[in-house]
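Chains as they are written, first to last, in our numbering: chain A, 3 to 238; chain B, 9 to 417; chain C, 85 to 157.
Just so you know, the hints here were simulated from the structure itself, not pulled from any lab data.
One thing to keep in mind: the hints can contain errors.
Listed below are the simulated SDA-like cross-link pairs for lysine to any residue, each with C-alpha atoms no more than 20 Å apart in a straight line [claimed, not checked]:
(1) B:Lys178 <-> B:Ser144
(2) C:Lys145 <-> A:Asn109
(3) B:Lys49 <-> A:Ala125
(4) A:Lys201 <-> C:His144
(5) B:Lys295 <-> B:Ser237
(6) A:Lys121 <-> B:Gly43
(7) B:Lys49 <-> A:Asn169
(8) A:Lys97 <-> A:Leu74
(9) A:Lys201 <-> C:Leu153
(10) C:Lys145 <-> A:Phe111
(11) B:Lys57 <-> A:Asn23
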Amino acid sequence: MIILAIDALEYSLVEKFDCNNLKQEYYGKTDISEFSEPRTMVLWSSFMTGKNMEREILAKGDKEMWNTKIELKDTFFNGFKNPRIIDLPGFNYVKEHHEQERVLLKNYFDAKTDEEKDKIRKAYNNLAFEHHRRIKQEFSAALNDDHDLLLGYFSVADVVGHLNFGNRTMMKMIYRDLDEIAGSIKDTYIVLSDHGMEKLGMFGDHSGYGFWSTDFNELENPRITDFAGLIKEIQV
Amino acid sequence: MNNENLKFVIVGHVDHGKSTLIGRLLYDTNSLPEGKIEEIKQLCESLGKDIEFGYIMDHLEEERDQGITIDTAQTFFTTKKRDYVIIDAPGHVEFVKNMISGASQAEAAVLIVDAQEGVKEQTKRHSYILRMLGLSQVIVVINKMDIVDYDQKRFETVKKDLFNFLSNIKIKPSYVIPISAKNGDFIANKSGNMNWYQGLTLLEALDTFKTKENANEKPLRYVVQDVYSFDKRIIAGRVESGIIRKGDRIKVLPSGEETRVKSVEEYLKNVTEAESGKSIGITTEDKLFIDRGNVIVNSSDLPAITNRIKANVFWMDRIPFKKGESLRFRCATQEVNCAIEKINKVINSSTLALIAEDASEIKNREVANIVIRTDKPVVVENFNTMEELGRFVLGREDTCAGGIITELE
Amino acid sequence: MSEKYGIIKVPEELITKIKERIQGTEFNSIDEYATFVLEEVVKETGEEEPEEVFSEEDEHKVKERLRALGYLD
Chain A
3 MIILAIDALE YSLVEKFDCN NLKQEYYGKT DISEFSEPRT MVLWSSFMTG
53 KNMEREILAK GDKEMWNTKI ELKDTFFNGF KNPRIIDLPG FNYVKEHHEQ
103 ERVLLKNYFD AKTDEEKDKI RKAYNNLAFE HHRRIKQEFS AALNDDHDLL
153 LGYFSVADVV GHLNFGNRTM MKMIYRDLDE IAGSIKDTYI VLSDHGMEKL
203 GMFGDHSGYG FWSTDFNELE NPRITDFAGL IKEIQV
Chain B
9 MNNENLKFVI VGHVDHGKST LIGRLLYDTN SLPEGKIEEI KQLCESLGKD
59 IEFGYIMDHL EEERDQGITI DTAQTFFTTK KRDYVIIDAP GHVEFVKNMI
109 SGASQAEAAV LIVDAQEGVK EQTKRHSYIL RMLGLSQVIV VINKMDIVDY
159 DQKRFETVKK DLFNFLSNIK IKPSYVIPIS AKNGDFIANK SGNMNWYQGL
209 TLLEALDTFK TKENANEKPL RYVVQDVYSF DKRIIAGRVE SGIIRKGDRI
259 KVLPSGEETR VKSVEEYLKN VTEAESGKSI GITTEDKLFI DRGNVIVNSS
309 DLPAITNRIK ANVFWMDRIP FKKGESLRFR CATQEVNCAI EKINKVINSS
359 TLALIAEDAS EIKNREVANI VIRTDKPVVV ENFNTMEELG RFVLGREDTC
409 AGGIITELE
Chain C
85 MSEKYGIIKV PEELITKIKE RIQGTEFNSI DEYATFVLEE VVKETGEEEP
135 EEVFSEEDEH KVKERLRALG YLD
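This is chain A alone, in the form it adopts within the complex (with noise of 0.2 Å):
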């Protein structure tokens, strides 16, 4: 089983731009109405552990919430043998480039000049696609590699997009990008995204549903805490 955990990964774009591979036999939007707020760590900590989590690291507070680190033993990856989590926030994220986003997105704000702003959102952009290329060679290799759960989590398209969802070319060639390595994958995947995303001029905003496709199953509008026992039960 193959999990792609797309950040922000828009339903009305997959449709758009036609991401075949993306798209699979079965797609759709997931609910996420039971959420206050479209939050990452909130809806993929839900996911893995299969229940609403909202509370509990809302409590956290906004900064402490992005260090959230969920034991294996509470969520559904526990069920496997030899599953292979990628960077997945709430659970073994590459913490520290994580956070030079977040600062690198708080910098831009802060800035006073079109031109501060500028060189501040070309390297926000460059540090997100230089994660992305690692995090793509990371995955394609494990690919080859036994392992009975394979999730990789990419972010590309949430963090390039905050800053850059007007920029049809940009979101276009990301979300071709995401279709290939989606149509890279041999094995049975599931793909599944935390939330949307809305255009807000040319920047981007979460929109209030999720991603999800698969080959084998017609889910009717499920909820992001469905999937960990819906996996469950493919495996067995």
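Fit chains B and C to the given chain A structure using the hints.
Showing chains B and C alone in chain A's frame:
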């Protein structure tokens, strides 16, 4: 470089790579907006992959969907030799209609065939339409050679198949070129992928084609619109081709009587000649009987005078034509009654499928190959040699069809 | 995808005009013609989406949103 431009159309099966070829032509001739391409290149680098032509196509198609940058009807690029216009009709109906009515005139065609898929029904229909429209400058490109590993045998097989068909309909392509629009083999640049092919690239081949001849350089065709008698007898008309000069020896058709041009008359101007496209008047040395619809020519290189014409028509009236109906035939300023003696073939202009042979009816938006018999002899020419007298319309009260003359008897 | 159909009301005069217009065309019915025309119209409005430019108002909005989502502590 000079100012001439060559208009051509790319035809072929819808999935055989037409839009990729257009994209490739624009890309390889640097006809795309520089900034965007650079941006796409950088994004490819950012994402850790080689730039592929597909990404540029992606972008082009999106722009096209939004109707920006690339005009869907006409796309331009330039070689060292001249400018090119790709006439890319949104549908066959428009293309055929424009060709026949003269709204946009392709001077050459590129027929695209997928190396793997080979000749398809649609390939045949499109070839047939080229034939009907009288396009004689044709290049065949066998596309997607990359998919068949640039295999010469496959190329030869497809080429042979296609030639079997093309020779039946009397099309003789000037070139057959193995290409990969995706990878850019033999479009603008030669490539090492097909050392067995020693011929021209597509652009080199296009560069060898002739553009439409300058109308001034063609034989004189002066079409009479009216005759006025004031203090002198002025024969008003339009120079469709050639140049009419004071002192020229001329022949009036269909009567065949000869005389000389005494003067060329242009309102408020003192002239001795008039070139193509001008509406002017002339006086003659001898007083001949001349009337509206006559065609004045030089003595040599004569058009045909006939009452039987083979033509291809595009029917554009809601009310279908039924055999037996009499129509008005109009060519230049000539206007006579005519009957359609035979409807050889009727074709759906959208799918290009053959609807009927030896038919008795032509409906809206259908193309037909017909034989016309006019009440009186008319002065006409083959569309390919003299467009001006090779194009006509058929009408009831209003125009209901446009046509081009393919053969004379 | 299976298509479902709904009913819409249009003036009879218009129906008569369409009936005349589609005679001898590729359209087999008034429904087919109306669907085609409406599809074309809807398509046009849906595709207009120019590339966005920077605006301070948007920036302010997204900053507030990102703060709410916990990105900017």
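Which of the numbered hints above does this structure break?
Of the numbered hints given earlier, the structure breaks none, since each of them holds.
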